[in-house]
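Asker: Now that you have both chains on their own, put them together as the hints suggest.
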Amino acid sequence: MTITPEQLLYCDSHEWAHVAGGVATIGISAFAVAELTDLVFMALPKVGQKVKAGEEFGEVESVKAVSPMYSPVTGDVVEVNEDLVSKLEVLSHDPYNEGWIMKVKVADESELGRLLSYEKYKAQVGS
Amino acid sequence: MKAILRVDEPATGSHNMEVDEAMLRDAEHCPSLVLRVYRWAQPTLSLGHFQRETDIPRDVDWGRLDRVIRKTGGGAIVHDRELTYSLVIPHINHRKSQNPSEIPTSADSAPSFGVKGPSEMVYRAIHVGLVESLRDLGLNAELAEQCTCKVDGKAANQSFLCFERRSPVDIVIDGVKVVGSAQRRTQFGLLQHGSVLLRSSDHANHLAGILDFLEGLSPKDLGGSGLKSQATDDSIFERPGGLSEPLNWERWTNWLVKNLQSSLENAFSGYWRFG
Chain G
1 MTITPEQLLY
11 CDSHEWAHVA
21 GGVATIGISA
31 FAVAELTDLV
41 FMALPKVGQK
51 VKAGEEFGEV
61 ESVKAVSPMY
71 SPVTGDVVEV
81 NEDLVSKLEV
91 LSHDPYNEGW
101 IMKVKVADES
111 ELGRLLSYEK
121 YKAQVGS
Chain Z
1001 MKAILRVDEP
1011 ATGSHNMEVD
1021 EAMLRDAEHC
1031 PSLVLRVYRW
1041 AQPTLSLGHF
1051 QRETDIPRDV
1061 DWGRLDRVIR
1071 KTGGGAIVHD
1081 RELTYSLVIP
1091 HINHRKSQNP
1101 SEIPTSADSA
1111 PSFGVKGPSE
1121 MVYRAIHVGL
1131 VESLRDLGLN
1141 AELAEQCTCK
1151 VDGKAANQSF
1161 LCFERRSPVD
1171 IVIDGVKVVG
1181 SAQRRTQFGL
1191 LQHGSVLLRS
1201 SDHANHLAGI
1211 LDFLEGLSPK
1221 DLGGSGLKSQ
1231 ATDDSIFERP
1241 GGLSEPLNWE
1251 RWTNWLVKNL
1261 QSSLENAFSG
1271 YWRFG
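Those protein sequence lines, which keep their order, are chains G and Z.
Just so you know, the numbering used here puts 97 at position 97 of the first sequence, and the rest follows in order with no gaps.
Counting the second sequence from 1 gives a position; the numbering used here is that position plus 1000.
Keep in mind that the hints were calculated from the coordinates and are not lab data.
Built from N, CA and C at the ideal position, the CB exists for glycine as well.
Not one of these hints is a red herring.
Among chain Z residues calculated to face chain G with C-beta under 10 Å, some are:
1) H1049
2) Y1123
3) S1167
4) A1182
5) T1186
6) L1190
Ranges between beta-carbon positions, derived for each pair:
7) Z:M1121 - G:Q124: 12 to 22 Å
8) G:E55 - Z:E1145: 36 to 46 Å
9) G:G126 - Z:E1021: 30 to 40 Å
Pairs of lysine-lysine, DSS-like flavour, derived with a Cα cap of 30 Å:
10) G:K87 - Z:K1071
11) G:K50 - G:K87
12) Z:K1258 - Z:K1002
13) G:K105 - G:K87
14) G:K52 - Z:K1071
15) G:K46 - Z:K1071
16) G:K103 - G:K52
17) Z:K1071 - G:K50
18) G:K52 - G:K120
19) G:K50 - G:K105
20) G:K50 - G:K103
21) G:K103 - Z:K1071
22) Z:K1002 - Z:K1071
23) G:K52 - G:K87
24) G:K120 - G:K105
Okay, chain Z solo, but in the shape it has when bound (with noise of 0.2 Å):
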């Protein structure tokens, strides 16, 4: 089945938004899987489906910053320094009663997207490779394999952004969260968030991104994982000096693009394939 791939010029957090809803609800109709890698023209906060304006803390700036709510859930996010990327996987198994013709044979190969399983499944296969990719720049990356969530209905018990939560799918790089995801399972499919944190934000800077930690790295920790001549394969990683200010985007965005998408291949092996 087709995949397809779209990589977005930074937009308002509204445009943004918008954009992803319109993927979600056109999976009712297209069996294609959508993966969109974008940026945010200006630093926005973002709140989680159930998060409201009165949940902001009143004793930091968030408030000034633009504001969407997300359709999908967990918590805030400050986006600045980051990458978002939105993942539509169409429920194949509701497709599947309405044009057969479209479904593979093998039931193996037809998860059922927009329940758990499949689902949290996606998590895991997106994160794992993520996780490799990390560790090949010679950074301690692994998945948090905690939650720190309160279970007891009420949301307000938890931290108000996403970034300051663990949940077990979640990258950490020395147990600091770099990079947090939520999904929101519909019967058409699944939409799924994921913000990569690259630098610490001047709007959140208790919080660290990759690229704070890769500055971090000495010249013994970069020749001695083998991670120089990896990393000038990647054109991703280059010192000194190559990290600092600016933020490569370009650079970023394209290693992003090419973990998700062997991610994504690897997963369902080879279900759904990048064109």
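Bound conformation, chain G alone (with noise of 0.2 Å):
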């Protein structure tokens, strides 16, 4: 099932979040990848590993500045798309699908209220 922009939940910080039986897939947004351009190195979290909403889980680099990357959610990360740190070029393409980052099994659902709709994310940065 391809993902589109219009289903997720956002951050302020430009994480988006997709939620289904319990388990939030994460990743950050095109608008994301568009600010930060030529990303040549990403720091990922570790399966296993607790995050807590609002709280680095990562890193990502770009030629010239170092950006941490937030949680979405609360949660313990159940998988980590390892692939990606060798390919990060899919961000570009493909930041909803191909270009996930991590998956967390949520602690607290009624965290996701605190999370930005489409509407009001594309809203908060201009596009």
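Answerer: Encoded structure:
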């Protein structure tokens, strides 16, 4: 199933989450990828790692900057897209499907209410 | 808004990095821009955030230098005869939701640091100002406007040293990089590290600094460019012998501070002002 940006929830720090069956698939938005430009390195979380909503779970380096990535949800990391590290260019053409970063078993779905809808996120980034 | 300047005494690499990291953390609560200019107590190799000990080439002696890892990206730097600056700019848009009374009403005057556009503007604003000042000294300085990075997700494909790499906003003299910088962008603000190479280091003597180029200028070059009066006014460029060892740290620190302050105030149309 192809995920579209309209189906997702967003952090104002530009991460997205798609929640199904208690598991959130998480990545960074097309806007974030465009803003970062020329990605050269990504540090991923580990399977089993606990992440908290609003806290850092990894980092991405572009040519001139390091930027932390912040988790939209609290829970345990159950899967990580290890292949992404060696083909970051995927994020430029498919950030919402092939470019997913991690999957988290959500501990508290009530936190999802704090995330932005597609419309609100779109308004925030001015696109 | 208030801008804070601090010029620190030479310190160890770990201390320097701790101070910079604390400045960035403080951006969550402090609305002030903070500019810090400093030196290193002994020659130190700082690694870019994603570089590791195992990345250090084995055929050179950098491994014997003190080492730290920066929070900012990019390549390794041999901090020896160079000045470093750190700049922290709070993320205004983040603060807007927390305390609107601190934010001016004009959206245009409150750029969103932490994202690319305004953050890249910081690079350019600072570096264009430094380029102009270096050209006033008679040097063929310009922005590199080229990128040597290989965008394939493999940092190992890039040169180990920052000054062997090129990105568009680096400053070069006769094509040789003398000023480099890198950022860390968080939800609370931006940390920018900049390194101004003043003179070639014994630990990386294939890299030239600003003074190496200045000392290569002939008297004709100086007179022809109107440099003498400019330089005398700035109390930086003294010849003969004034630029030889020992390096006049105080004057170059003043030169850097003056240029950074001016560039920042101009770039943000006075939004931040140094007291």
